[in-house]
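Chemist: Here are the chains, one letter per residue:
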Amino acid sequence: MLKVNDLEVSYGAIKALKGITFEVKSGEIVTLIGANGAGKSTTLRTISGLLKAKRGQIFYKGDEITNREPNEIVAMGIVQIPEGRRTFPDLTVRENLELGAWTIKSRKVINDKLEGVYELFPRLKERRGQLAGTLSGGEQQMLAVGRALMAEANLVLLDEPSMGLAPVLVDEIFEVIERINKEGRTILLVEQNAEMALQIANYAYVLEVGNIVFEGEAKTVAQDPKIKAAYLGA
Amino acid sequence: MKITKLFTNNRKLVLFSVIFYVVVDVLHLTGVLNDYWIQITNVALINIILAVSLNLINGFAGQFSIGHMGFAAVGAYTAGTLTTIIWKLGVANSITKYLLFAVALILAGVAAAIVGYLIGLPTLRLRGDYLAIVTLAFGEIIRVIINATGYVGGPRGLLGIPKLSNFTIIFFVTLLSVIIMRNIVFSTIGRALKSIREDEVASELVGVDITRYKVLAFTIGSFFAGIAGALLCHLLQIAHPTQFGFIGSINVLVMVYIGGAGSISGSIVAAVGLTFLSEFLRLGIDNLNKIAPFPVGPEWRMVVYAVLLVAVMLYRTAGIMGGREFGILVPEEEGKNATGSQA
Ligand SMILES: Nc1ncnc2c1ncn2[C@@H]1O[C@H](COP(=O)(O)OP(=O)(O)O)[C@@H](O)[C@H]1O
Ligand SMILES: [Mg+2]
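Protein chains in written order, with the numbering used here: chain A, 1 to 234; chain B, 1 to 343.
Just chain A, with the same shape it has in the complex (with noise of 0.2 Å):
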């Protein structure tokens, strides 16, 4: 579904990417793993549109989508929930959902959208009259979650998700993931939290100062002795 080639990415002197290749299979969910600073979140804002490669190629369904503007990438259905939820503070619960749905015209599929994501999250419903600014970071996860899931997406991008949540939000992200990957969407994960995203994804790569180190099914990697020792904890 996605096909990213040699991609490199620089902040002005600064190379980020250095030339990165992976894959990201139809329904599957993908982890990108790797420490603080390895360009996890650098990979989703070039695949996102909002970083322009210097070389290298990423393909969705086949096309070459590589450097093109946010908006587009948006409407072809790459939909991404950035680091930090990065919600619209001062505007309506109802109304960061419905700018979700930015891209769709009817306002029934809007509507529909909607009532789906409620399901999804009834503490949403609750507050959808509420300022996003004024929820807790749980709920602003759950509100950046739900926007993404507004628009007309196949492939959900997520950036450390769990970041700043305590471990029962934790949790509970990791089964909404779960649950969106089955009603059928592919999820691209970068976390730090890597055994959280290891046992909820299908592949795994491993992400070290802008190149992939290792790869595998994420049991694989889980079981590796290298990435325990670096990753896990072990």
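Quick caveat, the hints were computed from the structure, so don't treat them as lab data. One should not assume that every hint holds.
Examples of chain A residues lying across from chain B (beta carbon under 10 Å, computed) [what the hints assert, rightly or not]:
no. : residue
1   : Ala-144
2   : Met-150
3   : Val-170
4   : Lys-226
Remember, predicted model here, so these are calculated numbers, not experimental data. All residues carry an ideal CB built from backbone N, CA and C; glycine is no exception.
For this one, chain A is given, so just place chain B with the ligands on it according to the hints.
Modeler: Just chain B with the ligands now, with coordinates in the frame of chain A:
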């Protein structure tokens, strides 16, 4: 909501406005309000257009423009030049002069919008506060150009503009402008603008073409500034470069932030309030000067004005209205799920 729904959604607003209009007219006819206060009212109404249109750019789209009067100048000189030329031909009669004025107002808006578009497109693509620098420069450049253009009077100003503005025209143009901008704010365009203001990256990630919407807000804001400039010069019968300088632009900015960025109601309250306050202070200082044992210079007006502004900002950091709107300005069909609360 559809931007074209001008009146169906605004029964209360239109009713209230018409009552206001009739009351002011009656007070004027009965002599309770003299021409002087009608003139101040006219200026206050024009300031409403300026403040609301700048609020669309600064308060709703979250961009920082500080040369708004530059666009008013484009509108004023475009319309003023046109009407003055045609007036001299002597072809306008008591009916066609209003047709002429209508055409001049629209052309003023279009000319300002074109200039706004040409400035906004390259500038708003960039991230960061380039717009502030560019609009600041634009405000000065337009003044220099006017000063150097003898054809429009240069530093003397464009004189002999026919007096086509009056309370009725200004009132209804202001009402229409406010309703159009209000409709934009409550439409999907408004929602896109607010998302850009809140978080540009998140806005891009939901698929908003942020450059397009920033440029759109800036162009629409410039359009209405152009209309305001045209109304003003046909009221004062002169367009003068100093009217449209930096101080004027700062005055509009003050109205936006004192009223509340992101609140149309706030811009209306502040435009009217500050226009009259400034006038009251002038009269007050004049009178004080007559009775005080020592001279009280006119510069004291600005001191008191500034102290009052600082006081408002200290006690209401988000402006008088914060981000709220008067219920009357919320479209009737949208009342329930509008942003923020109603006042
Ligand atoms: N806006 C930026 N400007 C300059 N360097 C950046 C910027 N964002 C990230 N970097 C650098 O790029 C590298 C990768 O960052 P990032 O993709 O955010 O890592 P991760 O998400 O894996 O923590 C880091 O060295 C980081 O310092
Ligand atoms: Mg990151």
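Chemist: Hints first: check each against the structure and report whether it holds.
Modeler: Now the hints, each set against the structure:
no., hint, result
1, Ala-144, "holds, 9 Å"
2, Met-150, "holds, 8 Å"
3, Val-170, "violated, 22 Å"
4, Lys-226, "violated, 34 Å"
In terms of the numbered hints stated before, the structure departs from hints 3 and 4, listed from lowest to highest.
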